[in-house]
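**Q** Listed below are the residues making up each chain.
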Amino acid sequence: MTEQMNRIEYLRQRKQHCCCKYCGGLLEIRRVAFSEQDDARVELYCPRCGKIEFGVEKEIYAVTEYFVEEMGFQCYTDIENPILQKQMNIAKVAEIISWGFVNLGYCDENGFRYPLTIPDALLHEELNLKRDKWQAYKEVHDNDDTD
Amino acid sequence: MTTQIELQHVNCKVGEKYLLRDITWQVQPGEKWIVFGENGSGKTTLLSLLAGYKRYSDGTIQLFGEPYQSEEVLRYRRRIGLVSTSFFNRILCRESVLSIVLSGQNGILGISEYISNQELLYAKKILEVFHIEKKKDMPFYLLSKGEQQSVLLARAFMGTPEILLLDEADSGLDYLARIRLTDFLAAFAAETKATLIAVTHYPNEIPDFFEHGLLMKNGKIYQKGLLEDVFRTEVFSDFLNTPVEIQKQKNGYQFISKGEVNRYAELWRT
Ligand SMILES: [Zn+2]
Numbered sequence: 000m001t002e003q004m005n006r007i008e009y010l011r012q013r014k015q016h017c018c019c020k021y022c023g024g025l026l027e028i029r030r031v032a033f034s035e036q037d038d039a040r041v042e043l044y045c046p047r048c049g050k051i052e053f054g055v056e057k058e059i060y061a062v063t064e065y066f067v068e069e070m071g072f073q074c075y076t077d078i079e080n081p082i083l084q085k086q087m088n089i090a091k092v093a094e095i096i097s098w099g100f101v102n103l104g105y106c107d108e109n110g111f112r113y114p115l116t117i118p119d120a121l122l123h124e125e126l127n128l129k130r131d132k133w134q135a136y137k138e139v140h141d142n143d144d145t146d
Numbered sequence: 000m001t002t003q004i005e006l007q008h009v010n011c012k013v014g015e016k017y018l019l020r021d022i023t024w025q026v027q028p029g030e031k032w033i034v035f036g037e038n039g040s041g042k043t044t045l046l047s048l049l050a051g052y053k054r055y056s057d058g059t060i061q062l063f064g065e066p067y068q069s070e071e072v073l074r075y076r077r078r079i080g081l082v083s084t085s086f087f088n089r090i091l092c093r094e095s096v097l098s099i100v101l102s103g104q105n106g107i108l109g110i111s112e113y114i115s116n117q118e119l120l121y122a123k124k125i126l127e128v129f130h131i132e133k134k135k136d137m138p139f140y141l142l143s144k145g146e147q148q149s150v151l152l153a154r155a156f157m158g159t160p161e162i163l164l165l166d167e168a169d170s171g172l173d174y175l176a177r178i179r180l181t182d183f184l185a186a187f188a189a190e191t192k193a194t195l196i197a198v199t200h201y202p203n204e205i206p207d208f209f210e211h212g213l214l215m216k217n218g219k220i221y222q223k224g225l226l227e228d229v230f231r232t233e234v235f236s237d238f239l240n241t242p243v244e245i246q247k248q249k250n251g252y253q254f255i256s257k258g259e260v261n262r263y264a265e266l267w268r269t
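Chains B and D are the protein sequences, given in the same order. At position 121 of the first sequence (counting the first as 1) the number is 120 in numbering that gives the first Met the number 0, and the numbers step up by one without a gap. At position 108 of the second sequence (counting the first as 1) the number is 107 in numbering that gives the first Met the number 0, and the numbers step up by one without a gap.
FYI, nobody ran anything at the bench for these hints, they're computed from the structure. Just to be clear, a hint being listed does not mean it is correct.
[Claimed, not checked] Straight-line distance between alpha carbons at most 30 Å, and here's what the computed DSSO-like set of lysine-lysine pairs gives:
| hint | chain 1 | residue 1 | chain 2 | residue 2 |
| --- | --- | --- | --- | --- |
| 1 | B | 57 | D | 133 |
| 2 | D | 257 | B | 85 |
| 3 | D | 192 | B | 57 |
| 4 | D | 192 | D | 144 |
| 5 | B | 57 | B | 91 |
| 6 | D | 53 | D | 16 |
| 7 | D | 219 | D | 247 |
| 8 | B | 91 | D | 123 |
| 9 | B | 85 | D | 133 |
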């Protein structure tokens with residue numbers, strides 16, 4: 000986030016190109032603490048998970064979900080709740096991929112810096128569907144305001 | 000020396016209800032205060048207000064020698080560490096331990112920009128110090144009270160707090176967690192010049208380095224000053240509305256009830 004860029008404006012932009020790294024849902028800007036300053040009271044929030052969430056790029060979530068589901072990735076054997084377990088696995092892999100992308104210079108706060116070419120194998124029907132869904136969501140939620 | 004915290008006739012109102020009423024209080028840098036009061040006496044409100052997480056209705060507040068400015072609230076939050084499970088439980092629930100700790104960096108409650116690798120390594124180091132590194136991915140609500148406390152302490156130490164506010168940090172902890180907290184506070188008092196304000200329900204476990212006491216009742220300050228002037232038999236009998244005798248011990252104060260045993264014993268005597 001550049002210092003000149005207002006935090007709220009930054010969050011507004013981020014919620015357009017990112018989604019919750021646990022459930023893949025859309026993020027919203029929500030007031031979570033008391034303050035006279037918007038800067039100090041609003042956060043990016045996933046209403047589905049009911050949590051404050053910084054999010055990951057939507058494309059990263061999509062390939063991550065594929066990886067966890069199809070490759071059977073599992074690093075939380077001690078978590079009993081299967082839904083929570085899957086979400087935490089996706090979040091972990093999404094975190095790793097994001098870290099790699101940022102540190103390799105492919106991604107910054109504003110999203111991807113280069114056009115993506117996602118392999119056909121990953122672009123299965125479901126992923127395409129999700130992309131369409133995101134686009135639809137994006138249009139509906141474009142006018143969302145801060146709480 | 001500049002007074003670090005100065006409140007003059009501060010009120011905090013929600014609707015018609017006063018959460019804090021006419022609070023006038025001064026804290027000098029490096030002082031160690033114990034705050035004592037029943038549930039609902041305004042202790043958590045006072046601490047969350049000082050840490051920049053709550054509004055006040057009127058009165059004046061000076062922090063670090065300057066008038067309180069709401070546009071500086073994020074800066075205050077970095078300089079004042081708040082550790083309060085009763086406050087943060089209302090906001091944090093499913094957030095992961097690591098993101099809560101990292102959020103301490105900027106004074107906001109979530110992560111708002113990419114975290115640098117140094118910050119990430121530092122957060123993990125602090126999590127190790129507080130024995131919760133293995134829980135770093137877990138949601139906050141799945142942790143024990145002691146672990147939640149440690150997460151909030153770790154969050155406070157992502158910055159370098161000049162004032163540390165502990166809200167009932169000692170309640171609900173198991174034996175090991177309590178020993179660790181005592182050790183942590185001893186190290187904090189010995190190694191830093193920071194101010195410490197701790198709300199407690201256990202006056203019999205007050206470490207020696209606390210030298211000031213504040214009693215709160217119904218949103219007001221009931222008594223404040225040096226601990227030996229506040230923790231006195233007459234003051235506390237009056238404050239608790241029940242006769243007690245207070246004896247100074249090596250660590251803290253012993254409260255000896257006068258008369259309540261007989262009152263309960265009546266149950267079996269009639
Ligand atoms: Zn979510």
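**Q** Need the status of pair residue 57 (chain B), residue 91 (chain B): alpha-carbon distance at most 30 Å?
**A** holds, 15 Å
**Q** Taking 30 Å as the top limit, are the C-alpha atoms of residue 192 (chain D) and residue 144 (chain D) close enough?
**A** Within the cut-off at roughly 28 Å; holds.
**Q** For the pair supplied as a hint, residue 257 (chain D) and residue 85 (chain B), is the alpha-carbon distance within the 30 Å limit?
**A** The given pair, whose Cα atoms are some 58 Å apart, is violated under the 30 Å limit.
**Q** Residue 57 (chain B) and residue 133 (chain D) were given as a pair; does the straight-line alpha-carbon distance stay at or below 30 Å?
**A** holds, 28 Å
**Q** Given the hint that residue 219 (chain D) pairs with residue 247 (chain D), does the C-alpha gap stay at or below 30 Å?
**A** Holds: residue 219 (chain D) and residue 247 (chain D) sit about 26 Å apart, inside 30 Å.
**Q** Within a Cα-Cα threshold of 30 Å, do residue 91 (chain B) and residue 123 (chain D) meet the stated pairing?
**A** Distance ~16 Å between residue 91 (chain B) and residue 123 (chain D) Cα, so the pair holds.
**Q** Hinted pair, alpha-carbon criterion (30 Å max): residue 192 (chain D), residue 57 (chain B). Please report holds or violated.
**A** violated, 46 Å
**Q** Verify the proposed pairing of residue 85 (chain B) with residue 133 (chain D), using a straight-line Cα cut of 30 Å.
**A** holds, 18 Å
**Q** Against the 30 Å threshold, does the CA-CA distance of residue 53 (chain D) and residue 16 (chain D) hold or violate the hint?
**A** OK: residue 53 (chain D) and residue 16 (chain D) at ~15 Å, within 30 Å.
Checked against the numbered hints above, the structure breaks hints 2 and 3 and satisfies the rest.
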